[in-house]
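K.L.:
Now for the letters of each chain:
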Amino acid sequence: MASKSIRQATSGRERASEHEGFLRYRGYKWLKIALLISAVTLLIYAFNDVQPRPNGGSIYGYTTGTIGVGLILWLTWLGVRKRQITPGRWSLKSWTSAHVYLGLSLIVIASLHTGFDFGWNVHTLAYVLMLLVIGSGIFGIASYSLLPQELSANRGETTQVQMLDNLRMLDRQLNESAQPLDADGAAIVQMALHDDPFGGGLLARLTGRYPKCGTRAALAAVRAHAGRKEGEGDPLDHVEVLLERKRSALSRIRKHLRLKALLEVWLYVHVPLTFALIAALFVHIVSVFYYW
Amino acid sequence: MSFIVRTVARTADGRDIVRPKTFDKAELTVGRSPSSDIHLADLAVTLTHAVVRTAPGGYVEVVATAGLPFVVNGKQSEHERFSASQGADVRIGSHSLSFEAGDGDDKGAVIITVERVGAISNASEEKEEAHVFSLASTLPGKRVLAWSLALLVLAIFLIWPLASIHTVPTDQTRKVAFHADELWTSGKLSQVHKNLENNCQACHVKAGEAVRDSACVACHTKVHDHADPQKLAAAKGSPGFVMATKQLVGGVFGIQPGRCVECHTEHQGATRMPVTDERFCTNCHSDMSKRITTALKDTSDFGKHHPQFEPMLRLAAADGAPMLRRVSLDANAKEDNGLKFPHDLHLSTTNGVAQMAKTLGKGEGYGAPLECSNCHMRDASGSSFTTVKMETACGACHSLAFDQVGGTIRTLRHGDPAQVIADIRAFYRAGAPRNIAYQGMERRRPGDFASSGQRINFAQTSAMHIGNADDAIRAVFSKGGACYDCHSVRATGNPTTPFAVAPVSLTRRYLVKGWFDHAAHDTESCTSCHSVKGSHYAADVNLPKLAKCQECHGGQDAHKEVPSSCAMCHDYHRTGFAPLMVRDNRARGKALEHIKEKALTEAGGGV
Numbered sequence: 001m002a003s004k005s006i007r008q009a010t011s012g013r014e015r016a017s018e019h020e021g022f023l024r025y026r027g028y029k030w031l032k033i034a035l036l037i038s039a040v041t042l043l044i045y046a047f048n049d050v051q052p053r054p055n056g057g058s059i060y061g062y063t064t065g066t067i068g069v070g071l072i073l074w075l076t077w078l079g080v081r082k083r084q085i086t087p088g089r090w091s092l093k094s095w096t097s098a099h100v101y102l103g104l105s106l107i108v109i110a111s112l113h114t115g116f117d118f119g120w121n122v123h124t125l126a127y128v129l130m131l132l133v134i135g136s137g138i139f140g141i142a143s144y145s146l147l148p149q150e151l152s153a154n155r156g157e158t159t160q161v162q163m164l165d166n167l168r169m170l171d172r173q174l175n176e177s178a179q180p181l182d183a184d185g186a187a188i189v190q191m192a193l194h195d196d197p198f199g200g201g202l203l204a205r206l207t208g209r210y211p212k213c214g215t216r217a218a219l220a221a222v223r224a225h226a227g228r229k230e231g232e233g234d235p236l237d238h239v240e241v242l243l244e245r246k247r248s249a250l251s252r253i254r255k256h257l258r259l260k261a262l263l264e265v266w267l268y269v270h271v272p273l274t275f276a277l278i279a280a281l282f283v284h285i286v287s288v289f290y291y292w
Numbered sequence: 001m002s003f004i005v006r007t008v009a010r011t012a013d014g015r016d017i018v019r020p021k022t023f024d025k026a027e028l029t030v031g032r033s034p035s036s037d038i039h040l041a042d043l044a045v046t047l048t049h050a051v052v053r054t055a056p057g058g059y060v061e062v063v064a065t066a067g068l069p070f071v072v073n074g075k076q077s078e079h080e081r082f083s084a085s086q087g088a089d090v091r092i093g094s095h096s097l098s099f100e101a102g103d104g105d106d107k108g109a110v111i112i113t114v115e116r117v118g119a120i121s122n123a124s125e126e127k128e129e130a131h132v133f134s135l136a137s138t139l140p141g142k143r144v145l146a147w148s149l150a151l152l153v154l155a156i157f158l159i160w161p162l163a164s165i166h167t168v169p170t171d172q173t174r175k176v177a178f179h180a181d182e183l184w185t186s187g188k189l190s191q192v193h194k195n196l197e198n199n200c201q202a203c204h205v206k207a208g209e210a211v212r213d214s215a216c217v218a219c220h221t222k223v224h225d226h227a228d229p230q231k232l233a234a235a236k237g238s239p240g241f242v243m244a245t246k247q248l249v250g251g252v253f254g255i256q257p258g259r260c261v262e263c264h265t266e267h268q269g270a271t272r273m274p275v276t277d278e279r280f281c282t283n284c285h286s287d288m289s290k291r292i293t294t295a296l297k298d299t300s301d302f303g304k305h306h307p308q309f310e311p312m313l314r315l316a317a318a319d320g321a322p323m324l325r326r327v328s329l330d331a332n333a334k335e336d337n338g339l340k341f342p343h344d345l346h347l348s349t350t351n352g353v354a355q356m357a358k359t360l361g362k363g364e365g366y367g368a369p370l371e372c373s374n375c376h377m378r379d380a381s382g383s384s385f386t387t388v389k390m391e392t393a394c395g396a397c398h399s400l401a402f403d404q405v406g407g408t409i410r411t412l413r414h415g416d417p418a419q420v421i422a423d424i425r426a427f428y429r430a431g432a433p434r435n436i437a438y439q440g441m442e443r444r445r446p447g448d449f450a451s452s453g454q455r456i457n458f459a460q461t462s463a464m465h466i467g468n469a470d471d472a473i474r475a476v477f478s479k480g481g482a483c484y485d486c487h488s489v490r491a492t493g494n495p496t497t498p499f500a501v502a503p504v505s506l507t508r509r510y511l512v513k514g515w516f517d518h519a520a521h522d523t524e525s526c527t528s529c530h531s532v533k534g535s536h537y538a539a540d541v542n543l544p545k546l547a548k549c550q551e552c553h554g555g556q557d558a559h560k561e562v563p564s565s566c567a568m569c570h571d572y573h574r575t576g577f578a579p580l581m582v583r584d585n586r587a588r589g590k591a592l593e594h595i596k597e598k599a600l601t602e603a604g605g606g607v
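Protein sequence lines correspond, in order, to chains A and B. Numbered according to this note's numbering, the first sequence spans residues 1 to 292. Numbered according to this note's numbering, the second sequence spans residues 1 to 607.
These stretches of chain A come out as covered by chain B in the derived footprint (C-beta under 8 Å, 3 or more residues):
#1 47 to 54
#2 120 to 133
#3 164 to 171
#4 176 to 183
#5 253 to 266
Please keep in mind that the hints were generated in silico from the structure rather than gathered at the bench. Here the structure is a predicted model, which means the values were calculated and not measured. Using N, Cα and C, we set each Cβ at its ideal position, and we do this for glycine too.
With the hints as extra help, turn the sequences into a complete structure.
P.N.:
Right under this line is the structure:
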């Protein structure tokens, strides 16, 4: 009991406020650095009169471009670095904090590198890919800071395995209680049993909408079944109760899946587009010097 | 033959429990009904799904009874017979019934092993928790996505253009169509180079080599240098730190300073070629005299620092021979065009000239006191004026008529003194001058004197009433005579052509180093710039001074009515044509509108 109370005390609100996440690492050290870099870049841009109009080929353009490429490659390196968790000044937390804020400052640096000279070409492609990568990163941070509470609230005290086991138990009960049913009744229950709780694809995961849900269809079919008898031990009555329970279990799982999907999906944009971005950057640099 | 049904059940910890049951029957029922011999608690199975029976010759027969098929050795069927000794694998719903012949104690019996092979529900199937609960189960892996996207980008944006560059011909046979290397463009080309949009290699000749002047000169064969390249380099002076660094870095990559593209930047959008920025001129010209010996004066801004205009004037040298020299308007510039012409007299609104013009009337193109446009005519370009011609501009008043034969008026030939003298002599040789009072029968009416017929009479009476030819010739070339009024006349001492007229040379263009467009100034009146109303001598150079222009024009970035960069009047590659900027009619909204309006009117569509 004693150990439990200590754990409760340390996992309470006070403990949470002492925790320093990567966003507020060292009093927003990297946010300040990123803001400083952006301000300096902006200031130089404002007073640098490039003729006939600002472009990536000016001295300023080459400078911001080089800084931008260096930053992008370094930011990408987090994918390697995150697998080595170390403490101290160059801790992973510090690294992640820098990744976030320097990544955001890239919006300023790269936009000014373009000189707002856009077109249907590989150069603008690289820029757009970069913005998508940064945008997905912002989405990731937002979901990491908002969704876990919701996820936890939805899950209650159960684990994923427990959720699945609960579903399996309901399926067994459904299977048993459907044994006396004729072929039609059995087919209805089969709809619920054959339904893949994890099916439905990306869209269903993200929206939490499963229009082809077998359990819901089975429930509707059972309720509309012509052979229902009033009272007196109709096996369909029990089936209906079980289907209702399965539906509610499924909806909790699916909310869980939706929240998890929202937590994960940004990385499916962030990581692949980063590599597409690096490829586009490579072509951007090659083409600029090929057709100098 | 008997059946032994061995039902296999699996415990939670994975152990199999086999429950054998022997049936001494020739036929067994299979179904979900609890009364079935082989009871399959499987919702995919109907209450009475099939029967299993023995058949003669050691065969076993499986027959569906509810019309729903089953699977025998992977083949769907409703009626199947097989040899008991060979056995078979029958699937009904999620259950497997494997038939085999018994041996040992069970010899002669058919053993049916019944086992559930499918999970009762999808959720009950084996699932890897970490996988199914994550998005990884619905999407391809991040690594796969990353590689495919990166390779896709490389294929479309690198391989395709490179392939296009190395396969598509660059000569005449090249098709005007999209070529993949256009994916590399950094912006649209200017309007004049639009036709090169599909042909990157026209300018980007060699891979990795910055555009060279040779690519420009390939088409622009007639553009000349601004000045001797060595003198240009000297005029530029030492570059600043930034410029020096740029040149140093450029030098490493073989980029020479002073390339065409330094000023003529391309890929700035489908606009007109941008007007050269003022700084490209003032870089050198603001203090060039410190660096090189030059006749050119320093200038840095039209509004603030521009030398006074120096028109090219025709002057008389010490020996009287004509010479051309540029003289500053500040130096009381006078020119020697060989003419006597008081502008003030002709532009008065009250004097005899004005009265004469009024009396000539609209029919003759007058009818009001003289205006500039009575004598000065625009040339075809609209930007300048044709030289004033005596016959059209002066002849209406300053008549050279001296005789009338029938209805035809004879005039002295302008511009040819020898001919004039000859004509007068011929006139006298033919007979005595006729007295005006006795010529013709018509009555003279008041106010009639200005008509052409009367003017002849007037001229005759004023000049030709003299008794002999020599006197008449002398009168014409002397004060009060037709020639002397406007021209400098000198006696030659030669009896055949006793008088000579100083040659007249009117200047068509005063400012030869710059450009001035009168059409662009149509919103102004002539006299708002040219102060001719007070000019009493033809020698007066009635050009407006710099300060006059500066009333409206300032430097490129000036807050004046017309901000004017150098390029408005000067061209870097000067030709006989107007500067590019003027030709483009840019930065001159008012003038542009005016020209459009004029064009419309001339085309008959104007209001």
